[in-house]
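Q: Quick mapping for you: the protein sequence lines, in order, are chains U and E. Under my numbering, think of the first position of the first sequence as 1, with each following residue one higher. Under my numbering, think of the first position of the second sequence as 1001, with each following residue one higher.
Any given hint could turn out to be false.
Subject to a maximum C-alpha distance of 27 Å in a straight line, what follows is the list of computed DSS-like cross-link-like pairs (lysine-lysine) [what the hints assert, rightly or not]:
# : chain 1 : residue 1 : chain 2 : residue 2
1 : U       : Lys310    : E       : Lys1182
2 : U       : Lys150    : E       : Lys1187
3 : E       : Lys1331   : E       : Lys1150
4 : E       : Lys1261   : U       : Lys261
5 : E       : Lys1230   : U       : Lys310
6 : U       : Lys182    : E       : Lys1310
7 : E       : Lys1150   : U       : Lys310
8 : E       : Lys1310   : U       : Lys310
Keep in mind that the hints were calculated from the coordinates and are not lab data.
2 protein chains.
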Amino acid sequence: MKQEFFTLRWTGAELQLIDQTLLPGTIAYIELNSYEAVSDAILHMKVRGAPAIGIAAAYGMVLAAKAAPATDLSSFRAALSQAASHLVKSRPTAVNLHWAVERLLSQAEASDALAIPDIIHALEQEAVLIHDEDRQINRAIGENLLTLLKDGDTVLTHCNAGALATSEYGTALSVFYLAQEKGIRLKAYADETRPRLQGARLTAFELLHNGVDVTLICDNMAAVVMAQGKIDAVIVGCDRVAANGDTANKIGTFNVSILAKHFGIPFYIAAPTPTIDLCCTSGADIPIEERSSREITMIDQHRIAPEGIKTYNPAFDVTPAAHITAIVTEKGIVYPPYTEHLSKLFE
Amino acid sequence: MKQEFFTLRWTGAELQLIDQTLLPGTIAYIELNSYEAVSDAILHMKVRGAPAIGIAAAYGMVLAAKAAPATDLSSFRAALSQAASHLVKSRPTAVNLHWAVERLLSQAEASDALAIPDIIHALEQEAVLIHDEDRQINRAIGENLLTLLKDGDTVLTHCNAGALATSEYGTALSVFYLAQEKGIRLKAYADETRPRLQGARLTAFELLHNGVDVTLICDNMAAVVMAQGKIDAVIVGCDRVAANGDTANKIGTFNVSILAKHFGIPFYIAAPTPTIDLCCTSGADIPIEERSSREITMIDQHRIAPEGIKTYNPAFDVTPAAHITAIVTEKGIVYPPYTEHLSKLFE
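Bound conformation, chain U alone (with noise of 0.2 Å):
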């Protein structure tokens, strides 16, 4: 995939970003060169989607080991174990950041008997072999996601499982840059993905400048375009994806899967096995953030509502396994009934 822009980069030294929070207006990369850095730029949402946070966190895990003390091994593990509940503590429902946290506490636990130096030198290897596999895991959800297409059909997707959630493809998103590899034509149909607009500044951006057909509509005018009969089918990326295949994906999810059970839609979602958490058993287990009331309130330093007004703002729903089509992830497509069919996956 050829593209203008990067999502994220490491140098050996350091973690470069593209800080999403300036897009699509200004394409400007940060360098983060500690852990502290790290969940700041995910606090504040610079990097956001679930795999890229992943990612990122892993970095953010390698770069604490390097600033920690290498004296003694007790210090060098406490500082690394203070690290990851920093870094975990950044963001509550994606599942990807405590799984990557986890990912590099373990390879240091396995790595107990070397050098701290070389304890490290593991840990790095083992955050670039997560940002590896998630190039290849995304890569292999758009070749099976497009199985379930065919040439000339629109797409309906809602905020950002793209390029810019991941290291590269997107989950969601890789569908429409496989297809394009192939020759395949999919058009696609952006939902804006108020408050934080990630559809509008995101995924319009990077479908436009791939090269890819996209339309941009707000979130409220899904349900016609739909009835107009000009979308085949949705898909959407995920935060977590619980065990009974309830999946917590960005606030109005939920709200399509609805439309789409309603105009016989089929709703996919994109899911790498690293976001699906057998250990929650249902929705109703996925901790939903809140945040700001000023995300509704403002449009960056711009006033939208009045002073004092109250107001609701869950970063994430939940959609039930019920309105789920298909769960497509790297290892295959599946099926209901989820509980049964997930857990397979991890056999």
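Following the hints, complete the assembly by docking chain E onto the known chain U.
A: Using the frame of chain U, we list chain E on its own:
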């Protein structure tokens, strides 16, 4: 109803309007003394809301009559007729605009035997009557809506069908103001209503300023609050009701109606009878205005989507009659089958 602002006021010489494009930040009034200025204010949504547009257009006709050549009747009538077609074109979806202009034209015709100054006087009386009737219609709609709710209920509304959309009270929002007068406790959730944010800018503003307990959400959060059991009923206004009950209203209303149906929540349309258009057989006959791409890609002067992005921006959608629990008019509550029951209102 006591409020800190007025929507429109006729001085006898000019029409004063609150400039709704400046809300909620600035309360400022504009003075219009020609029908062209009125048409322009409607086109640019300085005044909006089907009933308010109708009243404004009626005064626009009075201003046209005052400016028309008073020398001979045929020139006078030609000028009136030209003003009428100019005004009607300013927004195609709301039927009240057409209805009010036609009512003024009929009045002019009925006054044919009078001298021109007396015709102008009769037109002014007719416009004032439309204005007064609207206030009474809104109170009656509110009274009827109240019979469908109980103390402690929470109502979701979309767009602005409030005091700012009418002479006073509003259609959908009248229920909150009447409840307040009667000591009945009702809470409101307001959809922000992209792209023009009438929910955030206008509904949140007027309910908050009038002491109603209101929570602002993004359009795509309605499913979550419904799933949480927070919503007892949905009440929205309308721009045109067809003979079969299909209802055109602000974009996103159709979306909410599908959600309400999914969750088994009653969905009510607040409809002054001038908004009911028996000449439209069904929603398919209602013209839907498409507005500028800028409304989606910019918030005021602030760009939120990439340059060159394609958009789709219908200003209204049509909620099928099957999704509507009842249509609440000033003459009573109308239940399905609408084709039969709506026509009875006009017998």
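Q: Taking each numbered hint in turn, which are not upheld by the structure, reported in ascending numerical order?
A: Of the numbered hints given earlier, those the structure breaks are 2 and 8, listed in rising order.
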